[in-house]
Each structure stands twice: as C-alpha cells, then as structure tokens.
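Undergrad: Sequence:
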Amino acid sequence: MNDDMEFFNRFSHMYLHGFKNLSDMFAEPATEHGITLDEFYILYDIAEAKGKIRLMDIAESHGVTRSAISRLIGRLLRKDYLYQEAEDHDRRNKVLKLTPEGARVEHEVFTELIQRNRSWRQSFNLAKQYQTLDLVEEFMDKFVNENADKQTKKADYTPLKRAEA
Numbered sequence: 001m002n003d004d005m006e007f008f009n010r011f012s013h014m015y016l017h018g019f020k021n022l023s024d025m026f027a028e029p030a031t032e033h034g035i036t037l038d039e040f041y042i043l044y045d046i047a048e049a050k051g052k053i054r055l056m057d058i059a060e061s062h063g064v065t066r067s068a069i070s071r072l073i074g075r076l077l078r079k080d081y082l083y084q085e086a087e088d089h090d091r092r093n094k095v096l097k098l099t100p101e102g103a104r105v106e107h108e109v110f111t112e113l114i115q116r117n118r119s120w121r122q123s124f125n126l127a128k129q130y131q132t133l134d135l136v137e138e139f140m141d142k143f144v145n146e147n148a149d150k151q152t153k154k155a156d157y158t159p160l161k162r163a164e165a
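Numbered per the UniProt record's numbering, the sequence shown spans residues 1 to 165.
Note that these hints are calculated values from the structure, not bench results.
All figures in this text were calculated on a predicted structure; none of them were measured in a lab.
Certain hints may be false.
[To be verified] Calculated cross-link-like contacts (lysine-lysine; reagent style DSSO-like; alpha-carbon spacing at most 30 Å):
id	residue 1	residue 2
1	Lys79	Lys50
2	Lys97	Lys50
3	Lys20	Lys128
[To be verified] Ranges between beta-carbon positions, derived for each pair:
id	residue 1	residue 2	range
4	Lys142	Glu6	16 to 24 Å
5	Gly74	Ala49	14 to 22 Å
6	Gln84	Asn125	37 to 45 Å
7	Asp4	Arg121	31 to 39 Å
8	Met25	His89	42 to 50 Å
9	Glu60	Phe26	22 to 30 Å
10	Phe19	Lys52	29 to 37 Å
Using N, Cα and C, we set each Cβ at its ideal position, and we do this for glycine too.
Based on the sequences and whatever the hints tell you, model everything.
TA: As structure tokens, this is what we get:
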C-alpha cells in the first residue's frame, strides 16, 4: 500500500503542478494571439494541408465531433483567420482556407513553439524528448485511450515543410 500512496502522491503533484503548467506554457504563444491551442492546431492543419481540407477532415484528424470543431472554426471565421470556399462539384462541401491574417498568426505561433522546443534541447536533448514522448504514448495506448486496442496514431513529422522555422 505504501507504493500505491507514493505513486498517487507523485502523480497528483505532477498533475497539479506539472501537466497544467506545461499545458499553459505550451499554449501561451497561441493565447498571446487571442486563440486557444486547439484553434492554433486547426490553423496549422489548414496551413499544412496538401490539397483541400474540410471541417470533417479536421474533426477526424483531431478525434473530436463535427460540432466541437464547428464551434472552434466558427470562432476563427469571426476573427477573420480563415474562410470557407464552396467546392465546384458540390456546393454543400466547404473547403477551409487561411486568410492572410490567419496565415500570419499561424506562422508566428508555430515559430514560437519551435523556438521553445529548441531552447528545451539545451537541457533536455532531442533523444530524451523522443524517449519521453514514446513513454507517454505507450501509457496512453494502454490506459487512457477509449478503446485499449486503439493505438496512438504516430504521424511521420519528418517531412514538415517548415522545419527550418
């Protein structure tokens, strides 16, 4: 039982003082531009899209409902960070595109996040960062995902077009 209490207390401390602060720290560049981190990731997905990207594509890639993404996209539309364009072959389908202001905000937040990661490497090298991500992904796959059989989708991030940011 002593091991249980030690784990519980360390995990609780990590949650209360670590995960929340890490989340806030990572979201800070987005909030400085008046958007949430989730809204930034929508702008990022649109900026990185190879071809047309629709609301449903983003909902699927983020693993959330259409209505959840609709609310976020609605806020981005009102801020004039993106717009919708009807597809030629089916006017009911709307393709999402960044406005110049949306592209500027996305680029600035992306650049700041990359810079933060580079600064972390001075005390937590890239190999250690990947090792940490691998452990967290393994934990998520085994204990957190809705369906234990559903593995965390590991994307190939190596060909990012803006890796030089």
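Undergrad: If a hint holds in the structure, say so; if it does not, say that too.
TA: Structure-based check of all given hints:
1. Between Lys79 and Lys50 the alpha-carbon distance is near 24 Å, which keeps this suggested pair within the 30 Å criterion.
2. Proximity of Lys97 to Lys50 is assessed by CA-CA distance (about 12 Å); at most 30 Å being required, the pair is judged to hold.
3. Restraint check for Lys20 and Lys128: the C-alpha separation of about 21 Å stays at or below 30 Å, so the hint holds.
4. Evaluation of the 16 to 24 Å hint for Lys142 and Glu6 yields a pass: the beta carbon distance comes to about 21 Å.
5. With their beta carbons about 19 Å apart, Gly74 and Ala49 fall inside the hinted range of 14 to 22 Å.
6. Remark: the range hint 37 to 45 Å for Gln84 to Asn125 is upheld by a beta-carbon distance near 43 Å.
7. One distance hint, 31 to 39 Å for the beta-carbon pair Asp4 and Arg121, holds here, with the actual separation near 35 Å.
8. Between Met25 and His89 the beta carbon distance is about 44 Å. The supplied range of 42 to 50 Å therefore holds.
9. Between Glu60 and Phe26 the CB atoms are about 23 Å apart, so this pair conforms to the stated range of 22 to 30 Å.
10. Checked against the hint of 29 to 37 Å, the pair Phe19 and Lys52 passes, with Cβ atoms roughly 36 Å apart.
When each numbered hint is compared with the structure, no violation occurs for any of them.
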